[in-house]
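Engineer: Next come the chains, spelled out residue by residue.
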Amino acid sequence: MSAPATLPEVAVSAEPPVHKPSLKKRLVPYWLLLPGILWLLVFFVLPMVYQASTSVQTGSLEEGYEVTWHFQTYWDAFTEYYPQFLRSLLYAGTATALCLLLGYPLAYLIAFKAGRWRNLLLVLVIAPFFTSFLIRTLAWKTILADGGPVVGVLNTVGFLDVTSWLGMTEGDRVLATPLAVVCGLTYNFLPFMILPLYTSLERIDTRLHEAAGDLYARPATVFRKVTFPLSMPGVVSGTLLTFIPASGDYVNAELLGSTDTRMIGNVIQSQYLRILDYPTAAALSFILMAIVLVMVTIYIRRAGTEDLV
Amino acid sequence: MKSATTWLRRNLVVIAGLGTLAYLILPNVVVTAFSFNNPTGRFNYAWQEFSLDAWKDPCGVADMCGSLSLSLQIALWATIGATVLGTAIAFAMVRYRFRGRGAVNSLIFLPMAMPEIVMAASLLALFLNMGIQLGFWTILIAHVMFCLSFVVAAVKARVLSMDPRLEEAARDLYAGPVQTFLRVTLPIAAPGIAAGALLSFALSFDDFIITNFNSGNTVTFPMFVWGSAQRGTPVQINVIGTAMFVIAVLVVLGGQMVANRRKKAQPK
Chain A
6 MSAPATLPEV AVSAEPPVHK PSLKKRLVPY WLLLPGILWL LVFFVLPMVY QASTSVQTGS
66 LEEGYEVTWH FQTYWDAFTE YYPQFLRSLL YAGTATALCL LLGYPLAYLI AFKAGRWRNL
126 LLVLVIAPFF TSFLIRTLAW KTILADGGPV VGVLNTVGFL DVTSWLGMTE GDRVLATPLA
186 VVCGLTYNFL PFMILPLYTS LERIDTRLHE AAGDLYARPA TVFRKVTFPL SMPGVVSGTL
246 LTFIPASGDY VNAELLGSTD TRMIGNVIQS QYLRILDYPT AAALSFILMA IVLVMVTIYI
306 RRAGTEDLV
Chain B
65 MKSATTWLRR NLVVIAGLGT LAYLILPNVV VTAFSFNNPT GRFNYAWQEF SLDAWKDPCG
125 VADMCGSLSL SLQIALWATI GATVLGTAIA FAMVRYRFRG RGAVNSLIFL PMAMPEIVMA
185 ASLLALFLNM GIQLGFWTIL IAHVMFCLSF VVAAVKARVL SMDPRLEEAA RDLYAGPVQT
245 FLRVTLPIAA PGIAAGALLS FALSFDDFII TNFNSGNTVT FPMFVWGSAQ RGTPVQINVI
305 GTAMFVIAVL VVLGGQMVAN RRKKAQPK
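Sequences listed follow chains A and B, in order. The first sequence stops at residue 314 when you use our numbering, and every number in between is there. The second sequence stops at residue 332 when you use our numbering, and every number in between is there.
Don't read these hints as lab results, they were simulated from the structure. Be aware that one or more of the hints could be misleading.
Unchecked claim - Chain A residues, not near chain B, derived (Cβ > 12 Å throughout): (1) Asp177; (2) Gln274; (3) Arg307.
To be verified - Derived coverage of chain A by chain B (criterion: at least 3 residues anywhere in the stretch with Cβ under 8 Å from a Cβ of chain B; other residues may be distant): (4) 43-54; (5) 79-89; (6) 99-110; (7) 136-148; (8) 295-306.
Computed from a prediction, not measured in an experiment: that's the story for all the values here. Think of the CB as a built atom: it goes at the ideal place given N, C-alpha and C, for glycine as much as any other residue.
The task is simple: from the sequences and hints, build the whole structure.
Structural biologist: Quick look at the structure:
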């Protein structure tokens, strides 16, 4: 791949360079890159290599581990924990869909309807970030408490009957059910959906809406044919920013769920930090990474947006 | 009746949007309310009675404020490290053509496209294999690593939207490279750098998953909260949470007021 082809237009100066820059000047970008890239190579790439090697080791904590190219660990880990893998993808997928459903109106509101309230609304979306997310997740324990007002209302309107039928809740409880975990995941990753959506909505020229209206498009049609397609970059990056971290999360499942709602993150965490079975933990972590990368690649292909960063 | 449904339909977006906002803010309201609670048991999950005790003595819980100050220190150093390294990378990416640009781009994108737990676990694998003692330094190393990509993204976005002719103009007026950088480039890029730094600070201060794997016995504030979820949550945690929220709102609103005033002072 030739480098200039990927260069953004803005960076190309208006005049072509008359003479070749000196060697010293040509080295400038490398000096700028060196420290940061070195950091990533040593503390991001190298660890991956170590983890890969850990995943094909055998042995025990007492006698030490040795690389024996024991790929069987991958198969064993997958067959033992595929329910948790499936559950993680299901919960993360549901949470992502809910984030899109809940986040879109708010992003739309801030981008087009907020007027002078826009900055305040943006602050209110970002500010909860600063209260530790663990504290806020613990607050959901209070909100969803058994016999509390929220559960009472959900029960009265028959919402819990629907979720029970879907297998998301049991009886008149919400805490320690899949619904609580999905609710926590949705809540925690919602800002990661709203902000990219807002950014791409804000870029839309509102005259396009007017033009569509002049052509007798009804508001719903304007949204379907103009607004939504133009916001696709935001939808794609928002769903990725939500789905990827949600699929590896174990905090919500631990604080709001029960042993029946354990996600793959919970398994990896306990394998690494409690059971100390490093090869299995490393293999699980690589399987998760592979699944996520494959899904993300397919998704980006189908969504058709390549320039994400 | 008909007008009511029309009104509802017209304002559907506003209602749905405000509903989402309520969903986002609700836990903060609960955290604030429960910072005034006087719980009877170990857990602060049910309302008992109003009390100001926790606000009068926010550091009255053993080890909590120590963990808070540790988190602040780590966040500060991680922010400085990630901002310096990330800004340099962003400038190199936008302003220069060089070999291996695509590879560098993917290397920066990957940490953001990976579940945090994968990075957390792999770093632990490295530290375990190398026999490195887990603690302050391993946390700091990890935080700089994952904040770096976000700084690059924030600064890159800003520098990309910057007119390179401004720098050419400065050079035409006989400003040296250092002078051009300090007096033209840096001030224009500053909002992007500030955004990257703020994001780093927030991400590092709040990080749990990577810290959980790489902290050993060192207890940062999120680790303290995590532990307290099992042992019993002191009310003071809600006090700190409320204070953080209020400070954040004030800082962001203050920053916006400064930005607005500047915009008014020098119209484009």
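Engineer: Broken hints, numbered, in rising order?
Structural biologist: 2 and 5
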